[in-house]
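J.: Let the hints inform the model, and build the full structure from the sequences given.
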Amino acid sequence: MCLGIPGEIIEIDPDQPDLATVEVSGVRRAINVGLLSDERLTPGDWILIHVGFALSKIDEEEARSAMAFLESIGQAYEDEIAALRASTLDASPQTPAAGTTEGSEVAQRGSDGVLRGSEGAR
Amino acid sequence: MRFVDEYRDSDKARALAGRIAALCEPGRTYKFMEVCGGHTHTIYKHGLEDYLPEAITLIHGPGCPVCVIPMGRVDDAIHLAGQPDVIMTSFGDMMRVPGGDGSFFDANAKGADIRMVYSPLDALRIARDNPAKHVIFMAIGFETTVPSTAMTALRARTEGIGNFSVFCNHVTIIPAIKAILDSPDLRLDGFIGPGHVSSVIGCAPYEFIARDYGKPLVVAGFEPLDILQSIYMILRQLAENRSEVENQYARVVPWEGNLKALDVINEVMEPRAYFEWRGLGFISHSALRMKNTYADLDAEHLFQVPGGRVADPKACQCGEVLKGVLKPWECKVFGTACTPETPIGTCMVSSEGACAAYYNFGRFTRSRVKEATVRHSTAQGVQP
Numbered sequence: 001m002c003l004g005i006p007g008e009i010i011e012i013d014p015d016q017p018d019l020a021t022v023e024v025s026g027v028r029r030a031i032n033v034g035l036l037s038d039e040r041l042t043p044g045d046w047i048l049i050h051v052g053f054a055l056s057k058i059d060e061e062e063a064r065s066a067m068a069f070l071e072s073i074g075q076a077y078e079d080e081i082a083a084l085r086a087s088t089l090d091a092s093p094q095t096p097a098a099g100t101t102e103g104s105e106v107a108q109r110g111s112d113g114v115l116r117g118s119e120g121a122r
Numbered sequence: 001m002r003f004v005d006e007y008r009d010s011d012k013a014r015a016l017a018g019r020i021a022a023l024c025e026p027g028r029t030y031k032f033m034e035v036c037g038g039h040t041h042t043i044y045k046h047g048l049e050d051y052l053p054e055a056i057t058l059i060h061g062p063g064c065p066v067c068v069i070p071m072g073r074v075d076d077a078i079h080l081a082g083q084p085d086v087i088m089t090s091f092g093d094m095m096r097v098p099g100g101d102g103s104f105f106d107a108n109a110k111g112a113d114i115r116m117v118y119s120p121l122d123a124l125r126i127a128r129d130n131p132a133k134h135v136i137f138m139a140i141g142f143e144t145t146v147p148s149t150a151m152t153a154l155r156a157r158t159e160g161i162g163n164f165s166v167f168c169n170h171v172t173i174i175p176a177i178k179a180i181l182d183s184p185d186l187r188l189d190g191f192i193g194p195g196h197v198s199s200v201i202g203c204a205p206y207e208f209i210a211r212d213y214g215k216p217l218v219v220a221g222f223e224p225l226d227i228l229q230s231i232y233m234i235l236r237q238l239a240e241n242r243s244e245v246e247n248q249y250a251r252v253v254p255w256e257g258n259l260k261a262l263d264v265i266n267e268v269m270e271p272r273a274y275f276e277w278r279g280l281g282f283i284s285h286s287a288l289r290m291k292n293t294y295a296d297l298d299a300e301h302l303f304q305v306p307g308g309r310v311a312d313p314k315a316c317q318c319g320e321v322l323k324g325v326l327k328p329w330e331c332k333v334f335g336t337a338c339t340p341e342t343p344i345g346t347c348m349v350s351s352e353g354a355c356a357a358y359y360n361f362g363r364f365t366r367s368r369v370k371e372a373t374v375r376h377s378t379a380q381g382v383q384p
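If you're matching them up, the sequences are chains U and C in order.
Residues in the first sequence are numbered consecutively from 1, following UniProt numbering.
Residues in the second sequence are numbered consecutively from 1, following UniProt numbering.
The set of hints was computed from the structure by calculation and includes no laboratory data.
Among these hints, one or two may not hold up.
What the hints assert, rightly or not - Dumping the calculated DSSO-like pairs for lysine-lysine here, alpha-carbon to alpha-carbon at most 30 Å:
| hint | chain 1 | residue 1 | chain 2 | residue 2 |
| --- | --- | --- | --- | --- |
| 1 | C | 260 | U | 57 |
| 2 | U | 57 | C | 12 |
| 3 | U | 57 | C | 45 |
What the hints assert, rightly or not - Partner residues are not named here, just some residues of chain C that face chain U (Cβ under 8 Å, in silico):
| hint | residue |
| --- | --- |
| 4 | 42 |
| 5 | 45 |
| 6 | 92 |
| 7 | 118 |
| 8 | 120 |
| 9 | 151 |
| 10 | 199 |
| 11 | 200 |
| 12 | 251 |
| 13 | 258 |
| 14 | 351 |
C-beta: ideal position from N, C-alpha, C; glycine also.
T.: Below you can see the structure in the form of structure tokens.
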């Protein structure tokens, strides 16, 4: 649970600024970004996520490095990602859509293990 | 190692290793503790000790959240789970941790409802979905996970969810480091400071280590080069007779930490007078509990908790491993009676535990070879 998983902000709900749709390892999830409220997050920013909460804003280079670390540790990372996928993170009654926006189940990572940004649109 | 630039990194590592060797005083030995289990993982996975001069020994510290939970607290959680209409939740790592009377998995086999969750917010959702039940989140972890528990408690309060509470087992890293510094067992020359914990608490809380104990501490990232770079920075301080807190991981860790996270923690929780750590014993002000103003969200206020002490199994030497006094493979049951599949001690349960990391990755490192030649022990016995 101490693993920090990098994710890219896709969308921030203007009505609930604590909630962001984040792409994590090829899956879109609602992530609580309330602890980074001073950072003025915008789509395309990268964050480091711990147990459903973003703790740090990072750059893309660091996201790649964090992902390389996670992949290097093998099973623990697999378990963490499996848990995150199973999680219904913050899909509260007020936000039925948040957290259920499933992205592709296939991680958007090349065979070289490099993390790709979503849709390569940035 | 699946870096695209694996070979370039390997060259960089060798270059750094050369600079590290050049800084070592002839005839002097160095013991550095990496506090965080994530660092332990990187060190074993990438065989970093093989890059270092013989004079440097890396000591694995207590920074594995699951590893430091004493057996009595596991029993307490199982007791809470046994109360009528209670659903207990915790992180997956906790499920296999043995208590005095078995693990959470064992308790479930006997009829308890203990569920693993990825986030405390999942536990809150289970509470929302099960209004006739009371859902307890067994909160564990250092400052990395504390803000998430505190945020979840605030959310429960805001939403008026009345059937949710926290069984708080959060621990704080600074008192543990102080306990290790005050322990006569170990003489350390410096610290590789934890990365993610520091992104919450910042770097200033470590300053007493440099000021009062005269030991350098360098907050480090998780890549192999980060750790080598941090070792170089510690050695450079020692060579220049300095002891300071330096931040090698500034790309993630702000010097002041995450002020919002610290505010949220202070709103919801306060230090306990003391808390038992596996292996380290009772350490004052080393853990957090829910404040009285959040008693309605505090499982220890809402339910009777037995609070018994349970001695670790005699064969288990997790305590010595957590203090850095023993290396994982020096434990009598390492790899034989105690394996990740059938753990006796917590250090083998969690992926962040030194024993699990060593078992999975570290078998062929320098220290392993050294150990085999020095101790003539049954090297075959520790192979899985």
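J.: Evaluate each hint against the coordinates.
T.: Status of each hint after checking the structure:
1. With a C-alpha separation of about 13 Å, the suggested pairing of residue 260 of chain C with residue 57 of chain U holds against the 30 Å cut-off.
2. As the CA atoms of residue 57 of chain U and residue 12 of chain C are separated by approximately 27 Å, the hinted pair is consistent with the 30 Å bound.
3. Simply put, residue 57 of chain U and residue 45 of chain C have alpha-carbon atoms about 27 Å apart, close enough for the 30 Å limit, and the pair holds.
4. Because the beta carbon of residue 42 of chain C sits about 7 Å from the nearest beta carbon in chain U, less than 8 Å, this interface hint is met.
5. Using the Cβ-Cβ criterion of 8 Å, the hint placing residue 45 of chain C at the interface with chain U is satisfied: the shortest such distance is roughly 6 Å.
6. The interface hint given for residue 92 of chain C holds, since its Cβ lies 6 Å from the closest Cβ of chain U, which is under the 8 Å cut-off.
7. Given hint, residue 118 of chain C at the interface with chain U, holds; its Cβ is 4 Å from that chain's nearest Cβ, closer than 8 Å.
8. The interface hint given for residue 120 of chain C is met, as the beta carbon of that residue sits about 7 Å from the closest beta carbon of chain U, less than 8 Å.
9. A cut of 8 Å between beta carbons decides the hint on residue 151 of chain C: the least distance to chain U is about 6 Å, and the hint holds.
10. The criterion of a C-beta within 8 Å of any C-beta in chain U is met by residue 199 of chain C, whose closest approach is roughly 5 Å, and the hint holds.
11. A distance limit of 8 Å between C-beta atoms decides the matter here; for residue 200 of chain C the minimum to chain U is near 7 Å, and the interface restraint holds.
12. The interface hint given for residue 251 of chain C holds, since its Cβ lies 5 Å from the closest Cβ of chain U, which is under the 8 Å cut-off.
13. For the restraint placing residue 258 of chain C at the interface with chain U, the shortest Cβ-Cβ distance is roughly 6 Å, inside the 8 Å limit, so the hint holds.
14. With 8 Å as the threshold, the beta carbon of residue 351 of chain C comes within range of chain U, its nearest partner Cβ sitting at about 3 Å, so the hint holds.
Hint compliance for this structure: every hint is met.
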